[in-house]
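Turn these sequences into a full structure, and let the hints guide you.
Residue numbers (the working numbering), protein chains in the order written: chain E, 1 to 393; chain B, 1 to 393; chain G, 1 to 393; chain Y, 1 to 393.
Rather than coming from a laboratory, the hints here were simulated on the basis of the structure. Where hints are given, some of them may not hold.
Straight line, CA to CA, 25 Å or less: simulated SDA-like cross-link-like pairs of lysine to any residue [as the list claims (entries may be wrong)]:
#1 B:121 x Y:38
#2 B:326 x B:127
#3 G:371 x E:36
#4 G:139 x G:78
#5 E:36 x G:40
Which bits of chain B does chain G cover? Going by a derived footprint, with three or more residues having C-beta under 8 Å, they are [as the list claims (entries may be wrong)]:
#6 95-104
#7 247-261
#8 301-309
#9 346-359
Pulled from the structure, derived: some chain E residues nowhere near chain G, Cβ distances all over 12 Å [to be verified]:
#10 116
#11 123
#12 128
#13 209
#14 211
#15 249
#16 278
#17 327
#18 365
Quick caveat: nothing in here was measured; it's all calculated off a predicted structure. All residues carry an ideal CB built from backbone N, CA and C; glycine is no exception.
Protein chains: 4
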Amino acid sequence: MTAHDPDVTLRVRDGLADFTIEVPSWAYGNSGTRFKVFSQPGVPRDPFEKVADAAQVHRFTGASPRVSLHIPWDRVDDYGTLAAYAADQGVSVGAINSNLFQDDAYMLGSLTHADKAVRAKAVAHHLECIEVMHATGSKDLKVWLPDGLNYPGQDSLRDRQERLADSLQQVYAALGEDHRLLLEYKFFEPYFYSMDVPDWGTSLLHCLALGDKALVVLDTGHHAPGTNIEFIVAQLLRHGRLGAFDFNSRFYADDDLMVGAADPFQLFRILHEIVQQDAHLPSSGVNFMLDQCHNIEPKVQGQIRSVLNVLESMAKALLVDREALKAAQLAGDVLGANGLLMDAFNTDVRGLLADQREERGLPRDPIAAYKASGYQDQIAADRVGGNQAGWGA
Amino acid sequence: MTAHDPDVTLRVRDGLADFTIEVPSWAYGNSGTRFKVFSQPGVPRDPFEKVADAAQVHRFTGASPRVSLHIPWDRVDDYGTLAAYAADQGVSVGAINSNLFQDDAYMLGSLTHADKAVRAKAVAHHLECIEVMHATGSKDLKVWLPDGLNYPGQDSLRDRQERLADSLQQVYAALGEDHRLLLEYKFFEPYFYSMDVPDWGTSLLHCLALGDKALVVLDTGHHAPGTNIEFIVAQLLRHGRLGAFDFNSRFYADDDLMVGAADPFQLFRILHEIVQQDAHLPSSGVNFMLDQCHNIEPKVQGQIRSVLNVLESMAKALLVDREALKAAQLAGDVLGANGLLMDAFNTDVRGLLADQREERGLPRDPIAAYKASGYQDQIAADRVGGNQAGWGA
Amino acid sequence: MTAHDPDVTLRVRDGLADFTIEVPSWAYGNSGTRFKVFSQPGVPRDPFEKVADAAQVHRFTGASPRVSLHIPWDRVDDYGTLAAYAADQGVSVGAINSNLFQDDAYMLGSLTHADKAVRAKAVAHHLECIEVMHATGSKDLKVWLPDGLNYPGQDSLRDRQERLADSLQQVYAALGEDHRLLLEYKFFEPYFYSMDVPDWGTSLLHCLALGDKALVVLDTGHHAPGTNIEFIVAQLLRHGRLGAFDFNSRFYADDDLMVGAADPFQLFRILHEIVQQDAHLPSSGVNFMLDQCHNIEPKVQGQIRSVLNVLESMAKALLVDREALKAAQLAGDVLGANGLLMDAFNTDVRGLLADQREERGLPRDPIAAYKASGYQDQIAADRVGGNQAGWGA
Amino acid sequence: MTAHDPDVTLRVRDGLADFTIEVPSWAYGNSGTRFKVFSQPGVPRDPFEKVADAAQVHRFTGASPRVSLHIPWDRVDDYGTLAAYAADQGVSVGAINSNLFQDDAYMLGSLTHADKAVRAKAVAHHLECIEVMHATGSKDLKVWLPDGLNYPGQDSLRDRQERLADSLQQVYAALGEDHRLLLEYKFFEPYFYSMDVPDWGTSLLHCLALGDKALVVLDTGHHAPGTNIEFIVAQLLRHGRLGAFDFNSRFYADDDLMVGAADPFQLFRILHEIVQQDAHLPSSGVNFMLDQCHNIEPKVQGQIRSVLNVLESMAKALLVDREALKAAQLAGDVLGANGLLMDAFNTDVRGLLADQREERGLPRDPIAAYKASGYQDQIAADRVGGNQAGWGA
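Listed below in structure tokens is the structure:
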């Protein structure tokens with residue numbers, strides 16, 4: 001296959017026409033491991049500066065027009081002002097992420113806590129998030145439940161599920177008409193013996209119990225080793241409940257590295273499954289987001305690299321000859337079918353994407369253009385004093 | 001805690017009164033790895049001899065009154081005769097296991113195969129199994145689906161789910177009034193890229209679509225590393241769909257070692273979750289089975305050891321002071337709650353169980369009694385000539 | 001087997017007579033995950049208070065007479081005073097742990113950094129640690145190298161090994177006559193793509209190159225899933241290079257939970273291998289240490305529980321009938337040999353250990369005694385104001 | 001980067017000029033899992049037919065001029081005749097692989113067995129292999145030790161190491177002047193609790209003890225999940241002991257799929273490390289071999305695909321701009337250094353390689369050429385009757 005074939009070119013252009021990737025406000029702040037958070041020059045000191053950084057990613061890629069907010073890290077006095085600022089910068093507010101892991105009350109759980117008062121507090125936090133959604137025009141409430149146990153016997157696995165169902169019901173009931181609740185699962189961390197929503201099955205069952213507006217979030221770093229993630233994508237799409245992706249990559253745990261950095265072939269397989277079900281189209285309702293930590297690399301550049309990685313992988317997925325693939329599959333041609341997939345993966349789409357960016361008035365090489373723009377030097381010079389943003393703010 | 005406390009003694013006796021463990025007919029035949037099947041003296045040459053061996057396990061433990069059959073390995077001309085023979089030996093026929101992995105037609109799938117004719121063949125095989133159920137009085141049809149893919153793109157993940165749903169529907173429709181369909185999931189092997197029922201979520205969703213008589217089988221060796229199995233137990237019980245266990249143990253893959261041999265604390269935690277929900281009682285409908293391969297150890301003795309391991313672990317689970325545990329959990333006493341669990345686990349229940357066996361006219365030490373019985377020497381002497389049973393027959 | 005057999009009692013008493021477990025100063029400070037560090041009442045505010053807490057563990061268990069220090073967290077003006085204070089409290093200073101992960105200069109490495117100046121800084125830090133050893137009487141310099149890479153290509157894997165060898169040589173050359181250098185390995189974290197000392201092989205090869213005073217530290221939480229840790233123990237003992245253990249437990253990653261909490265049978269197998277080679281005796285030179293984080297549980301109590309867990313597991317390992325085991329192994333009696341091990345593991349040794357504590361004037365139930373002592377309430381009342389210790393201090 | 005740059009073209013041509021991949025005789029026979037071996041039409045029935053198939057791979061790729069033999073599977077009356085036949089077919093005999101897993105005597109071990117007579121038998125088997133080396137001109141004796149334990153306590157971990165060292169010493173002593181002993185390690189399977197050579201550290205230590213002619217074999221499927229294989233490559237090269245690769249790919253266990261099929265980026269990283277140390281040149285002494293099972297795909301075609309995958313990945317590794325990479329690494333430019341690696345990986349080298357094949361008189365598309373050759377139909381028609389080769393013969 002060659003990426004210069006006109007049919008192929010067109011297929012990629014059409015496929016990517018309305019495909020966008022949401023970026024997280026927290027990717028521009030400092031982050032790290034339990035051992036150390038290294039600070040970097042130019043890191044934002046407030047939500048406005050985070051939005052400004054996010055807007056740079058969109059400016060150079062043309063593919064990331066939304067920025068997720070995280071409450072309370074992105075609390076501001078007037079969310080309308082923040083939304084207007086975002087619009088000025090050329091982006092809009094995406095999903096609102098709640099935080100159930102940094103309040104002292106949540107040491108032993110939040111929505112699943114044995115104490116009703118703590119659960120009520122956690123539910124109330126989501127009501128605040130829903131207010132932010134109304135104020136910013138956000139449609140997605142993203143809930144990652146960090147609750148879990150460190151020791152066997154510490155609490156009842158079963159009771160925590162019942163409490164969770166009850167808490168989620170209360171949150172769900174408060175959603176606006178056009179709001180969605182996106183429930184994320186995670187295999188382990190920050191608790192080690194068990195997590196209360198450890199897998200897609202648990203998340204999906206809670207969503208099914210809640211109603212049509214509850215959907216599952218798949219974070220690519222939140223699985224046991226060896227898990228076939230594209231299979232989960234297929235399952236969630238089959239049940240109409242894939243609400244969003246949190247893209248990143250990992251070698252062993254929830255490493256939160258740049259998407260496509262650890263296993264680009266896995267990313268391609270996931271996006272192939274997406275394309276097979278036309279879930280890359282906006283009508284699918286799947287919100288493609290990044291959720292990463294740039295611990296040691298420059299942050300805006302890391303986000304640009306990540307967006308490009310998703311675009312390149314998606315372009316390859318769009319290259320796959322679906323009809324030929326189906327025919328080979330039905331014929332039981334193991335190597336032929338696999339070969340069609342690998343042919344697309346092995347094709348270099350970077351020139352094609354550069355051409356298409358150029359057509360749209362975007363830089364052929366977004367990384368080089370960003371570096372040449374002087375933005376990084378500017379923020380390093382400007383953002384002196386104040387408190388650098390991080391996971392604590 | 002001491003196991004000599006009369007309250008404790010009584011709790012264990014009551015808890016184990018009706019608790020039984022089903023043993024598999026194939027545990028007495030030769031088994032091995034892809035590298036080698038080592039043969040052992042005295043191995044059965046037909047289903048009757050397998051049943052005879054299974055009956056020994058019950059004779060010495062008093063806890064394994066049923067034996068699972070596997071079709072076609074246990075095909076006989078007259079299943080009524082086999083059932084009657086089992087009754088003579090003091091056991092009955094348990095679940096009927098279908099086989100979807102040894103027919104040449106199934107190389108690329110069975111119930112999920114792209115070719116409708118192959119799927120029809122696989123469905124028909126289950127109709128034969130249901131006939132065996134009618135003939136033997138078995139109530140459980142156990143389906144482990146070995147279907148899967150070795151290479152990305154080899155077939156459509158999504159289409160295979162649709163085909164599976166359709167095939168299962170046909171099997172389900174043929175069940176007798178009081179029959180159950182038990183659907184087992186497995187993380188990997190015999191296919192490596194993806195399995196068509198790789199996890200509890202997939203199995204449960206198919207069961208929910210089928211109807212009330214479809215339940216999930218949890219094989220303790222069929223998970224990714226780090227998976228919290230007792231969490232899955234809690235989930236399946238919460239949804240009323242835990243149909244059966246396949247007990248065994250593993251260090252890394254589906255090692256099929258003796259249950260309790262690799263991680264006895266995990267076995268205890270699983271059974272603790274069972275006891276917490278009263279699922280050890282027959283009314284729960286959970287069928288506790290062994291599914292193991294004795295590649296290098298004596299087979300009947302390996303089964304006796306396994307049954308004892310489950311009983312000992314269950315006895316420990318019954319020791320847990322449920323009220324104190326609940327109180328500690330509600331109080332957020334992490335170490336107190338964990339300590340109550342560990343106290344039970346650390347208690348030596350072997351003397352207590354020996355006492356209770358003695359009361360029932362069973363040997364205090366079933367392993368020693370079996371070895372002293374001369375059975376192993378007898379079968380080694382008697383079973384000369386013929387074809388030793390194995391996974392092929 | 002019964003723990004009341006006089007021979008057995010004696011074997012355990014003798015085996016434990018000189019067996020001790022070193023506790024870490026940092027276990028009493030606050031710790032957590034990258035998501036949150038929860039603070040607890042009564043946490044120490046300086047190294048003296050840490051030593052005071054550590055002394056409590058020894059007071060109630062009689063088995064933890066040494067406390068490891070961590071530099072710079074435990075920097076004091078006068079180490080002699082700190083050592084004297086420890087002696088007053090009934091304990092002594094154990095290993096000195098260097099810190100290569102919290103200086104801003106170390107973002108891309110310390111002893112392996114591409115920049116010679118950073119490596120020199122990291123080497124100099126160890127010279128400071130060696131000074132502390134001279135001042136406190138410590139004999140062990142423990143080096144955990146957190147260096148690694150997050151992205152493929154980020155640095156040369158090979159060059160980093162050469163730099164590491166050179167840096168370690170400089171540290172080794174500065175050791176005192178009776179000092180040892182203990183080099184720890186870790187599979188992953190805080191870097192995700194590669195660690196510079198990820199496995200025992202790497203650590204051992206560096207130690208062999210350094211000389212006789214360099215030995216390997218085995219942290220039980222620092223391995224890939226499925227790794228057989230007792231095999232590594234056997235290998236390191238075979239080569240005379242097992243310098244120390246960092247005990248803790250984990251379900252998936254480096255969870256740093258209480259030793260024995262996640263897989264007590266694994267702990268037993270490790271200690272069985274230790275006992276088989278008489279490495280529990282002080283003459284072996286193996287330093288048995290705890291390295292844990294008590295994120296959600298009371299800290300002193302968590303340490304006491306951990307010390308007891310090691311003692312109980314060690315007592316079980318001492319119960320194993322070595323001659324009978326050897327005979328069964330040589331006879332190829334798979335189930336017999338395994339059964340001898342399981343017999344010891346299944347025996348309840350807690351009463352025996354309580355008896356032996358009582359003989360030594362120690363409390364039968366150290367946890368209960370500690371709780372009754374009022375120490376926890378006292379420190380919660382006393383330690384108000386100041387900065388609670390944590391990983392940053 | 002573009003693959004059409006003349007400098008790049010030259011670098012690839014030079015780098016691949018003398019790079020070859022050895023293929024295994026057993027890849028053309030039937031293979032499978034413990035559940036089922038599916039047979040395929042045209043499978044060889046003797047070693048000569050295996051060699052004929054192997055020669056096809058070389059005929060179409062020009063890159064696989066050697067074929068490994070396996071004893072006893074490839075036993076013939078006259079090895080000189082077999083070697084001459086191979087030469088006629090355009091290939092030569094590569095490594096001789098011993099078999100320590102299929103003799104009934106080896107159930108509990110071979111070179112490590114507790115019984116001296118079994119060890120002697122296993123040593124004697126290697127003397128036969130060395131005879132085959134003399135007769136065929138092979139220089140490499142490849143030893144994969146499948147020995148291990150299924151149950152804790154089953155045998156002494158330590159004693160087995162001592163026995164292994166002794167057995168290997170005897171084999172080593174029998175090597176010819178220009179022979180090498182290649183010792184392979186494997187994480188798990190066919191034993192599950194422990195393997196006697198489970199990791200590179202164990203293999204290397206035995207090699208170091210044996211002498212200069214003993215080197216380590218790295219099979220890419222023989223590691224725990226998350227293991228960084230290129231790090232091991234770097235370590236073994238650093239110590240001058242990387243003797244050979246067994247290439248294949250895996251998703252979870254030792255899946256033995258086609259190399260490059262599961263994680264092509266990992267293959268690239270491994271070969272990048274090889275190229276960085278010039279270990280792709282024959283002078284390095286590294287023997288690059290395939291070791292795969294084609295359970296469901298056509299076998300000769302599967303081998304051709306695998307050879308092409310290695311060549312394409314090696315070509316990409318040769319594309320890396322070593323000087324620019326070194327500069328970025330020394331500058332601490334995380335994203336720049338990673339970007340240089342990714343640039344090479346993302347480049348499509350297939351056209352370049354097709355050009356270079358054409359220059360050498362080889363087909364541009366070896367798969368298409370092989371399919372067009374009619375060879376597969378021919379062997380399917382010719383090889384009727386007789387016993388198809390598999391792991392048993």
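Results of checking the hints against the structure:
1. For the proposed pair residue 121 of chain B and residue 38 of chain Y, the alpha carbon gap of about 18 Å is at most 25 Å, so the pair holds.
2. Proposed proximity of residue 326 of chain B and residue 127 of chain B is contradicted: the alpha carbons are some 47 Å apart, above 25 Å.
3. At roughly 34 Å between alpha-carbon atoms, residue 371 of chain G and residue 36 of chain E are farther apart than 25 Å, so this suggested pair is violated.
4. Among the hinted pairs, residue 139 of chain G with residue 78 of chain G is consistent with the structure: their alpha-carbon atoms are about 18 Å apart, no more than 25 Å.
5. Proximity of residue 36 of chain E to residue 40 of chain G is assessed by CA-CA distance (about 21 Å); at most 25 Å being required, the pair is judged to hold.
6. Coverage of the stretch 95-104 of chain B by chain G is violated. Counting CB-CB distances below 8 Å, 0 residues qualify, and the rule asks for three or more.
7. With 3 residues having a Cβ less than 8 Å from any Cβ of chain G, the stretch 247-261 of chain B passes the three-residue criterion, so the hint holds.
8. For a cut-off of 8 Å, the count of residues in the stretch 301-309 of chain B with a CB near a CB of chain G stands at 3, and the three-residue condition holds.
9. Under the rule that three or more residues need a Cβ within less than 8 Å of chain G, the assignment of the stretch 346-359 of chain B holds, with 4 such residues.
10. For residue 116 of chain E, the non-interface assignment is confirmed: its Cβ lies about 20 Å from the closest Cβ of chain G, beyond the 12 Å cut-off.
11. Every CB of chain G is more than 12 Å from the CB of residue 123 of chain E (nearest about 20 Å), matching its label as outside the interface.
12. For residue 128 of chain E, the shortest C-beta to C-beta distance to chain G comes to about 19 Å, beyond the 12 Å cut-off, and the non-interface label holds.
13. At roughly 27 Å from the closest C-beta of chain G, the C-beta of residue 209 of chain E stays outside 12 Å, upholding its exclusion from the interface.
14. The beta carbon of residue 211 of chain E is kept farther than 12 Å from every beta carbon of chain G, the shortest such distance being approximately 29 Å.
15. Residue placement check: residue 249 of chain E does not keep its beta carbon more than 12 Å from all beta carbons of chain G (closest about 9 Å).
16. Non-interface call for residue 278 of chain E relative to chain G: holds, since the shortest CB-CB distance, roughly 33 Å, exceeds 12 Å.
17. The beta carbon of residue 327 of chain E sits about 36 Å from the closest Cβ of chain G, which is more than 12 Å, so the claim that it is off the interface holds.
18. Every C-beta of chain G lies more than 12 Å from that of residue 365 of chain E, the closest at about 19 Å, which supports listing it as non-interface.
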